[in-house]
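Residue numbers (the numbering used here), protein chains in the order written: chain W, 1 to 92; chain Y, 1001 to 1488; chain Z, 2001 to 2474.
Read the hints as simulated data drawn from the structure, not as lab findings.
Just so you know, even glycine gets a beta-carbon here, dropped at the ideal spot from N, CA and C.
Honestly, I wouldn't trust all of these hints.
Stated by the list, open to error - In silico DSS-like cross-links for lysine-lysine, where the CA-CA straight-line distance does not exceed 25 Å:
1) K1413(Y) <-> K23(W)
2) K72(W) <-> K1108(Y)
3) K2079(Z) <-> K2214(Z)
4) K2466(Z) <-> K2431(Z)
5) K1093(Y) <-> K15(W)
6) K2357(Z) <-> K2378(Z)
As the list claims (entries may be wrong) - Sample of chain Z residues facing chain Y (criterion: CB under 7 Å; computed from the structure):
7) P2045
8) G2046
9) L2048
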Amino acid sequence: MNIDVKHIAALAKLKIDQSEEEKWSEQMANIIAFADRLNELNLQEIQETEQHYTVFNVFRDDEKGPSYPREKILANAPEKEDGYYVVPKIVE
Amino acid sequence: MGIEKYTVKELSEKLQNKEISSVEVTRAFLDRIKKYDPIINSYITVCEERALEAAEEADRRIAEGERGGLLGIPVGIKDNICTEGITTTCASKMLYNFVPPYDATVIKKLKAAGAVIVGKLNMDEFAMGSSTETSYFKKTKNPYDTSLVPGGSSGGSAAAVSANLAAFTLGSDTGGSIRQPAAFCGSVGLKPTYGLVSRFGLIAFASSLDQIGPLTKTVEDCALVLKYIAGHDKLDSTSVNIPIPDYTSALGGDIAGMRIGVPREYLEDGIQPEIKKAVLDAVKIYESLGAACEECSLPLTKYALYAYYIISSAEASSNLARYDGVKYGFRAENYKGLNDMYLETRSQGFGEEVKRRIMLGTFALSSGYYDAYYKKAQQVRTLIRKDFSNSFAKFDALLTPTTPTTAFRFGEKADPISMYMGDVCTVAVNIAGLPAISMPAGLDSAKRPIGIQLIADSFNEEKLLSLAYAYEKTTGYENLRPDLKEGA
Amino acid sequence: MAYETVIGLEIHAELSTKSKIYCNCSTEFGAEPNTQTCPVCTGMPGVLPVLNKQVVDFAIMAGLAMNCQITRFGKQDRKNYFYPDLPKAYQTSQYDLPICQNGYLEIESNGTTKRIGITRIHIEEDAGKLVHDDFRGVSFVDFNRCGVPLIEIVTEPDLRSAEEAKAFLEKVKAILEYTGVSDCKMQEGSLRCDINLSVRPFGQKEFGIRTEMKNINSFSAVVRAIEHESQRQIELLSEGKEVVQATRRWDDSKGRSVELRSKEEAHDYRYFPEPDLVPIVISDEWIERIKNSLPELPDAKRKRYISELGLPEYDAAFITASKGMADYFEKVVECGAPPKIASNWIMGDITKLMNEKELESIPFAPEYLAKTISLIEKGLISTTAAKKIVAALFEEEKDPEIIAKEKKLIQVSDESALLPIVKQILDENPKAVEEIRAGKDKAMGFLMGQAMRATKGSANPQVISKLIKDLLSV
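The following block holds chain W by itself, in its conformation from the complex (with noise of 0.2 Å):
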């Protein structure tokens, strides 16, 4: 199968070189060729959301708690300023 990797890395926000565009290429259909193996079984009567659930209904009350001190959250910042994280602007 042909997978679009320049479509899924952009997506990932993963740069993928040129040059090993191909490379990926492969990889990725050689494991999904290895995944379509489950095509072998009969799926047709399973609802998807017959899941795991063994738990429902987890809440938590209404209460509203002490938040975290600004600057224990922003210790680990890459860039912060007055207390705002500071991002780049998206480049047109």
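Given the coordinates of chain W, assemble chains Y and Z onto it according to the supplied hints.
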């Protein structure tokens, strides 16, 4: 070798009897780490100061009369479990400098029990791998033979226990990542039932498959640690609210009358003959102890592998999207604008295996392919669960190899698919959310540890532990230890 | 060729919970940046969500108030995309099993009642806020709003004009306010609206190509955006051109919309069920409990004002449009004011002053309005004086009687007190008396003016008028 050779149980007794102090025990492990870890490379971070402080605190608690199975005991933590104030990297460049502002729930529990955190252990990057070769920082060596991998992704956890560089360790298991390295390094490794141990603070790989579990020298230690880390957590919606038994009290009981199934699909071609023999020898041992063993069938076994790679990659592709250089961790230095910053950060921050899984997962969820891949894999999951349920109607536990081969050489499994095939004995357990334990079953002719696996139905850890204990006491394999060379 | 405009709305309302949807950080508006966050709502490695039950309660309530079917088995799903205001790089929302489906609301359009279909209502989490600095080429990110719970209300493409859209929005706002589900403050962002619009020749069954407009921040902007876009599309089609399916950003200050540059890759959100959350199973009892807790809704209230309080249709609709106003009105009536008089004051002077001063609510107690009205009824003040008192109440909340005294607005209505004065005025002005007797009413005004002057304006003019007429037997 001194006190580092003792089990958690033995150390705990000596601490309670005041034969030794936690500070002494901790120093002994720290010294041993300095001596041997430069070769083994199991630790990414060693927290000497914090550990000694915690040891002093434990000694104080013991002096005040407190008793507890983990009080004062040194533990190593896989580096994907968040520890407040201690760098937690997932063995990735992406989190090379991430210091969590909070503790994972299991860490809170360990601290409450008085365990002494000695350091953070090496792993495959973001837990994706079966050899710890994908770690950004270092390659952990198998203590039995340093030219061999320790397994993965909890390679550091398994190696550290095996080499007595911690009294016990915590790892995580998504497709076999506790059990396989435990098997490769001759340790005991348990993956609990999905939902038994809180995932809050475990840096997510595949949310519906991940579980934290103990790696220990003995089955008794394993039961002890499980008792402390299991339990409902209101911060984890998928954690189950059931009473936690004292797992240690299940040990040593009579296993006569228990029924053990041996699924033939797990002993097919591709399994190393000595490993197959170990399983069949275990059958004889169990029969001699009064258990009934019978061959059975799990016809969907091989499909579990395909379903696993789709489901785990899909969930991982979403779980790892948050690593974007905005809030924490690595950010690339040179970029033009936001999109470029994302691309550069993620392409430089992630290793190849991680990228491969993200690509695979993104594909499996993408428009036009979701039904054919992700949805289908989840449907197969239901069938695999049914497969197991049917077995557990007849059997108390299933006995299988943990891995198709013993530890392999570094670089030997360069092709991703050959690496993935090594998970064939372990992934179905995660797909079905079941508990499973790997126990040491001797060495092969090249002196590489063999591990065999017991699988039980959900929340039947007691059965697993009592069966594993019986095997261990009969064989004495837990006493095997590797010979270590000192490091530079 | 005559064209018909077809409109559907996507409305996001922030829920009035105290804490966020998946963690217990506060949802209060206006805090310093990044002071209402924690590892969970900032998407740190290792964190997990736990659903706030009140969010589901509110969604069910909104659904019941909008005549929806409530799902018995709901789940949450991940919507995956990258943007700096989205810390997990996915938004936890609902894809195929939303809490509510297949509802409707009725609006008044061109004198008839029209039913607007509601496709679905689902729960989801809000993202953070970005502040752009174009000069430096950076954006600043504040995650306080991350994790604030939202409901998204999606309508069928049943609306046909800007007025209908506005009426629908006002209805939704009223319902959400009445049920306490949301405070619907568009200027604070707690109510947002995206507009899907297409045009087609009258009589055509197929829908035209539609555009989606975002960044609409008030109800009047909704009207302007719809009118402009409808016009724009009609012009294109009239010229034989095609409408481009795109997302457009409405710029209210410029009065037009701009097509947002389409991204390099189309948005493929890769929805899949959220594995960190468990399904929501809603029982009959749960739905019944919420149903029983529903307050009187706008339509029912409007009908009750008409049938029980005798208000005309217009007044009832006006007052019930806002919960605050309806509550206020009811309290004024409880204090004894006649309903129509209370509604006149509220719809007239009070609303005018609120608009002038840009107030959201009436800044003085309903008891004071009731008292003001009763002062008129007792004849102690004139209507003009009452207007002054109401204006004063907007500046300072005080007992109206005290204001009346301070501003010397109390009028004398006591006939026995006024009689001698009137008599004197009549005696002093025989010419005017003659003119009145001759049928020239103008002199009446003159005499009244004299009487008012003599009483320094404190006389009740109606009483003066009556006394003059009595004394002159006219």
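Open item on the list: Hint by hint, where does the structure go against what was stated? Just the numbers, ascending.
Closed with: Violated hint: only 6; rest satisfied.
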